[in-house]
Amino acid sequence: MDVEAKVKEIIVEELGVEESEVTNEANFIEDLGADSLDTVELIMKFEEEFDIDIADDEAEKLTTVGKAIDYLKTKIS
Amino acid sequence: MIAKYNAKISGTGMYVPDKILNNFDMEKIVDTSDEWIRTRTGMSERRISSKDQAVSDLAYEASLKALQSAHLKPKDIDMIIVGTITSDHAFPSTACILQKKLGLKNFPAFDISAGCTGWIYAANIAKQYIENGIAKNILVVGVETLTKITNYTDRNTCVLFGDGAGATIISRAETKDISKIIDTEISADGTHYDLLIQQAGGSRMPASKESVEKNLHTVYMEGNKIFKLAVRSMFNACEVVLKRNKLDVQSIDWLITHQANMRIIQSLGKKLKIDEKKVIVNIEKYANTSAATVPMALDEAIKSGKIRHGDLVLMASFGAGLTSGSLLIRL
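From first to last, the protein sequence lines stand for chains A and B.
The opening residue of the first sequence carries number 1 in this note's numbering; numbering runs sequentially from there.
The opening residue of the second sequence carries number 1 in this note's numbering; numbering runs sequentially from there.
Check before you lean on any hint, since a few could be wrong.
[To be verified] Calculated cross-link-like contacts (lysine to any residue; reagent style SDA-like; alpha-carbon spacing at most 25 Å): (1) B:Lys278 x A:Leu37; (2) B:Lys270 x A:Asp53; (3) A:Lys45 x B:Lys278; (4) B:Lys4 x B:Gly133; (5) B:Lys28 x B:Lys214; (6) A:Lys8 x B:Gly269; (7) B:Lys225 x A:Ala26.
[Unchecked claim] Away from chain A, derived, C-beta distances all over 10 Å, residues of chain B: (8) Ile125; (9) Gln128; (10) Ile252; (11) Glu300.
Note that these hints are calculated values from the structure, not bench results.
A virtual CB, placed ideally from N, CA and C, is assigned to each residue, including glycine.
Isolated chain A (complex conformation) (with noise of 0.2 Å):
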């Protein structure tokens, strides 16, 4: 599975931005407009689409979408 694709696939719907704005580096809440419920639901959409479960201190470190990628691709493999 193309797992960064697919995060950003679910970042671009969540959030109702651009895919072209969904780059590594971009922060959830300073460069994509989340506030913090925002992130709470796209934590429960990585936890559903990738069957797993995301501790909440561990959700809480994921502020960026490369950050996100990396954590969903050691926690899959």
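Starting from the known structure of chain A, fit chain B onto it as the hints suggest.
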């Protein structure tokens, strides 16, 4: 257990205090804004009980309206169950005080502590007592004066709460009656009991000068952590009753969920794949009234003509505990 009888909701009523605090009033109390509150919660205003109004006063007003809509007299009631976490006193129960106010005695009256799921828990219990033939007309109330235990220095929680009462009469249905409580599911996950809690005032931390100074008699809540659990637990409670009754979500006419946060309601609606137009929302007017939200929204939707006799209504809630539950009825 094979049910001897069917249970149905035969009457509804609600009551909210007159005093309104809107988002602009909240701006004067804590560092917040109308825009922030509306986008994060969907709330515009909330009702505040007066100094001399306790939970049983709100419950009494709502109960009279429910009796009237069921065409019953107080003496027809043979059990009272109240879902609340803001009872008049630590003991006795609000149900007993309400019993006295209605001029009644000599039948069971008790409270249920299930946080915001209180009314669904109470309705679940009432259904059993109707089905086994022990009771005929049970007064089931969800009522709360959360603003009396709100920390008005905490900007994250104080904007969320309001006061109100929703009363229902759960009665024995006639055999030919299409109205019926079809199914209900309740559950709890105590591993998260400390995410939503009033820490002081019980046996773990009796009231002291220190507990008052530290504001420990007010609601403590970790909202972001609860969000996820709320959506999932209500989704599960809905799924269980839909599956058990071989219904798909399209056959539901109306969904009423606990009014804690507009974003939770939307997230659940999306997950259930239910048409937005079928989701009853009144959070903008009353904010989170805990155990009262679902019966209040039910009453409002019936009285406004939205929900009609024969409609299939799915209700769901979650709350401190963390408790969760659902109730599927044909009105």
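Hint by hint, here is what the structure shows:
1. B:Lys278 x A:Leu37: holds, 23 Å
2. B:Lys270 x A:Asp53: Within the cut-off at roughly 20 Å; holds.
3. A:Lys45 x B:Lys278: Holds. A:Lys45 to B:Lys278 sits at ~24 Å (cutoff 25 Å).
4. B:Lys4 x B:Gly133: holds, 6 Å
5. B:Lys28 x B:Lys214: holds, 22 Å
6. A:Lys8 x B:Gly269: holds, 23 Å
7. B:Lys225 x A:Ala26: At roughly 24 Å apart (the allowed maximum being 25 Å), A:Ala26 and B:Lys225 satisfy the hint.
8. Ile125: holds, 32 Å
9. Gln128: The claim holds: B:Gln128 sits with its nearest Cβ about 34 Å from chain A, beyond 10 Å.
10. Ile252: holds, 22 Å
11. Glu300: Nearest chain A Cβ is 26 Å from B:Glu300, so the label holds.
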